[in-house]
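K.L.:
With chain G's structure known, arrange chain Z on it following the hints.
2 protein chains.
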Amino acid sequence: MKAYGKMSKEELLALQAELQARYDKLKGEGIQLDMSRGKPGTDQLDLSAPMLDVLNSKSAFKGVNNIDVRNYGLMDGIDEAKELFAELMECPKDHVMVYGNSSLSVMYDLISKAMVHGICGSTPWCKLDKVKFLCPVPGYDRHFAITESFGIEMISIPIDENGPDMDLVEQYVNNDPAVKGIWNIPKYSNPTGVVYSDEVVRRFAGLRPAADDFRIYWDNAYAVHHVYMEDKAQILNIADECEKAGNPHMYYELCSTSKITFPGAGVAALITSPENIADIKKTVTIQTIGYDKVNQLRHVMFFKNAAGVNAHMEKHAAILRPKFDAVLDCLEKELGGLEIGSWIKPRGGYFIAFETLEGCAKRVVALCREAGVVMTPAGSTYPYKRDDADTSIRIAPTCPTPKELTKACAVFVLCVKLASVEKYLTKMA
Amino acid sequence: MKAYGKMSKEELLALQAELQARYDKLKGEGIQLDMSRGKPGTDQLDLSAPMLDVLNSKSAFKGVNNIDVRNYGLMDGIDEAKELFAELMECPKDHVMVYGNSSLSVMYDLISKAMVHGICGSTPWCKLDKVKFLCPVPGYDRHFAITESFGIEMISIPIDENGPDMDLVEQYVNNDPAVKGIWNIPKYSNPTGVVYSDEVVRRFAGLRPAADDFRIYWDNAYAVHHVYMEDKAQILNIADECEKAGNPHMYYELCSTSKITFPGAGVAALITSPENIADIKKTVTIQTIGYDKVNQLRHVMFFKNAAGVNAHMEKHAAILRPKFDAVLDCLEKELGGLEIGSWIKPRGGYFIAFETLEGCAKRVVALCREAGVVMTPAGSTYPYKRDDADTSIRIAPTCPTPKELTKACAVFVLCVKLASVEKYLTKMA
Chain G
1 MKAYGKMSKE ELLALQAELQ ARYDKLKGEG IQLDMSRGKP GTDQLDLSAP MLDVLNSKSA
61 FKGVNNIDVR NYGLMDGIDE AKELFAELME CPKDHVMVYG NSSLSVMYDL ISKAMVHGIC
121 GSTPWCKLDK VKFLCPVPGY DRHFAITESF GIEMISIPID ENGPDMDLVE QYVNNDPAVK
181 GIWNIPKYSN PTGVVYSDEV VRRFAGLRPA ADDFRIYWDN AYAVHHVYME DKAQILNIAD
241 ECEKAGNPHM YYELCSTSKI TFPGAGVAAL ITSPENIADI KKTVTIQTIG YDKVNQLRHV
301 MFFKNAAGVN AHMEKHAAIL RPKFDAVLDC LEKELGGLEI GSWIKPRGGY FIAFETLEGC
361 AKRVVALCRE AGVVMTPAGS TYPYKRDDAD TSIRIAPTCP TPKELTKACA VFVLCVKLAS
421 VEKYLTKMA
Chain Z
1 MKAYGKMSKE ELLALQAELQ ARYDKLKGEG IQLDMSRGKP GTDQLDLSAP MLDVLNSKSA
61 FKGVNNIDVR NYGLMDGIDE AKELFAELME CPKDHVMVYG NSSLSVMYDL ISKAMVHGIC
121 GSTPWCKLDK VKFLCPVPGY DRHFAITESF GIEMISIPID ENGPDMDLVE QYVNNDPAVK
181 GIWNIPKYSN PTGVVYSDEV VRRFAGLRPA ADDFRIYWDN AYAVHHVYME DKAQILNIAD
241 ECEKAGNPHM YYELCSTSKI TFPGAGVAAL ITSPENIADI KKTVTIQTIG YDKVNQLRHV
301 MFFKNAAGVN AHMEKHAAIL RPKFDAVLDC LEKELGGLEI GSWIKPRGGY FIAFETLEGC
361 AKRVVALCRE AGVVMTPAGS TYPYKRDDAD TSIRIAPTCP TPKELTKACA VFVLCVKLAS
421 VEKYLTKMA
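Protein chains in written order, with the numbering used here: chain G, 1 to 429; chain Z, 1 to 429.
Because the hints were derived from the structure by calculation, they are not lab data. A few of these clues could be false.
Where chains are identical, the list cannot tell them apart; a pair therefore holds if satisfied intra-copy or between any two copies.
[What the hints assert, rightly or not] Lysine-lysine pairs mimicking DSSO-like chemistry, simulated, CA-CA at most 27 Å apart:
| hint | residue 1 | residue 2 |
| --- | --- | --- |
| 1 | K407 | K345 |
| 2 | K282 | K93 |
| 3 | K2 | K25 |
| 4 | K39 | K281 |
| 5 | K333 | K403 |
| 6 | K385 | K282 |
| 7 | K58 | K39 |
| 8 | K282 | K132 |
| 9 | K130 | K385 |
| 10 | K403 | K62 |
| 11 | K282 | K130 |
| 12 | K315 | K62 |
| 13 | K244 | K345 |
| 14 | K25 | K362 |
| 15 | K244 | K232 |
| 16 | K58 | K9 |
| 17 | K25 | K423 |
| 18 | K281 | K2 |
| 19 | K407 | K362 |
| 20 | K281 | K132 |
| 21 | K39 | K282 |
Isolated chain G, as found in the complex (with noise of 0.2 Å):
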């Protein structure tokens, strides 16, 4: 295939009457179709049905601290939970705090808390004139809308394919006391799919930031969200490598089960060093007098461990495997060689994220829901939305059928050939 950027003007006339042709057509089929929505299908969900039998009337409630679950109590969580959550996220258990359902809360919680009790004796930031955070872009929308909610300025950092640009995340944190924080999932990004690599790591873990309560939100979303099992990613420990660099306190990293289990019945969790945990009961302790211990029990007593957790994880990934293959073939085998767009093939998550021509993703994602097919917004994965090269489209292939999947992204390429063209010939105009 001829690159589009080589087309003379009448080739590209020609190209833009047959791809407006098609895409008449396609109009009128009537499709129906989604790729906007980052959540498990229904069979991913019937994986984890069988944890709800698990735990039942006949169960004993109590933990190993002889505690019985149901009543009150336990704000940091179970001992059986820690322990799982250290297991799988190879820390100390003393280093795990044991949440309800949904880590966004959590992150949402933490923000909330430095805003009005401060980080460890810090000022809290509703006192200050100004709190910054850094943003590698594209990201993930609900971490900008906590951070916008709460007035803090965000500060768009470019990603490639082995992280955020660390000079400039430097460059920013090293010397601006107003900064006082960074999003990241470090481990198959939304929406990139990037892997932070080893260097990366090393280079956040030895951070020595302008501000003492600067924290690196590590929300390892994806820690074990393979989907090609061959080719798992693997990314440092930021606890020891924020240990080995002097820099203990400094992360806060999230996980939880919420696309291992149930979105909607998950358990979360923060690893973080005992001090920042003593310092984050001081006001969960005053919010909750525990959170579900019952739900906690019920997912240990599902997974018993690590192994479990990871065997688990290999069923999702056997049905998340032929819905990426749907798009990243279809992707390859029409757009390859065109030169209008580019995307990186991610080995888990739950993401592929599309960079068109620049000026072309708002077009394509109107064309495509023109045609019936709802794509996330352009610009959602930038904060305040501003995507200001509008380029970044976020395609979510969990939920169709690969059948559906191959059918939406028809649909999707044709319509970043017809904008690409327009944006040819506009550019010749």
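P.N.:
For chain Z alone, kept in the frame of chain G given last:
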């Protein structure tokens, strides 16, 4: 029995010698009992164990709105759960938002939101010089801990058998714009067991707050938690009364299943105007993608409707009645006529509040502890834990067995007598 206040010094000295001898003997018995904890006993938890079987791997997982409860979404709760709480709390379904475990964390979040995001567009409290809350006393220590944690100034309001002193409440709320809220447990109050009279509820609804963002925090924690079923209390519906009084947005009513099913795995709900819910959703949508919907459905499947809940509460009452009786009988028998303490017989809830002579509460609790009976620390039921008159003691009779309670109460009344004699002798000295 002769009232202690009418005894001569000689009589008091003789009595003291006798009481001291009995106390010293008791101390030698190695008693280890606890009347400090307002939590259900194991037999109560067992009542709800079958709830863990109704939802299992064979369940449909889909509610009326066809959403899979295991997946993301429905941030304000599943429809069926809203319906259950609406019927139970007698309000329209669109006035209900259903959360996860613990209404305490809902209250914390309401205050936290008000601090940082404001209420319905008001100035966030963290931007104000002074924010004040009214605190009926004695009251719930965890309420006071929340407001204290956010640096909110707490003002004690005396409570009698009809509820808080409403003259004082009106004076503060209607004149001081810094007064942003008042904590209430309107039914079977913690710890007094007081049930707010119709007049008190109507005067609450008729407040004319100086602050637009003043809210009544109506923690209806014991709405269906009767102990004496033949003598169930009924209070006016705060939602209806506020509506009638032209103050439809002035209240946040809270409730939960913590002491209906499991404190460790319950479901909480907020009841307020749809306008307030819309305002709250603006931050909750940033905070979470959804609370535990599987547990919400589990509760609905177990209870089916309000009648199901009420039938279940009869079983709780049957367990609690002999426990309350054990304490109340002992108090009446041992202290009646002595004029060294008073208490209100509660008709429901989890506590009995005891008032000692002035300056005796701490001493009584210390004497109890020395003899092996743990009581809630004196002063806990006051803001800043400061009960200046030192008279208030909270008795929690739900955890021990009736037999244990009889023993523990025997120790307690002896300590009350001893401390009271000491008090009168000191006054004579």
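K.L.:
Hint by hint, work out which the structure violates, then give me just those numbers in ascending order.
P.N.:
Of the numbered hints given earlier, those the structure breaks are 13, 16 and 18, listed in rising order.
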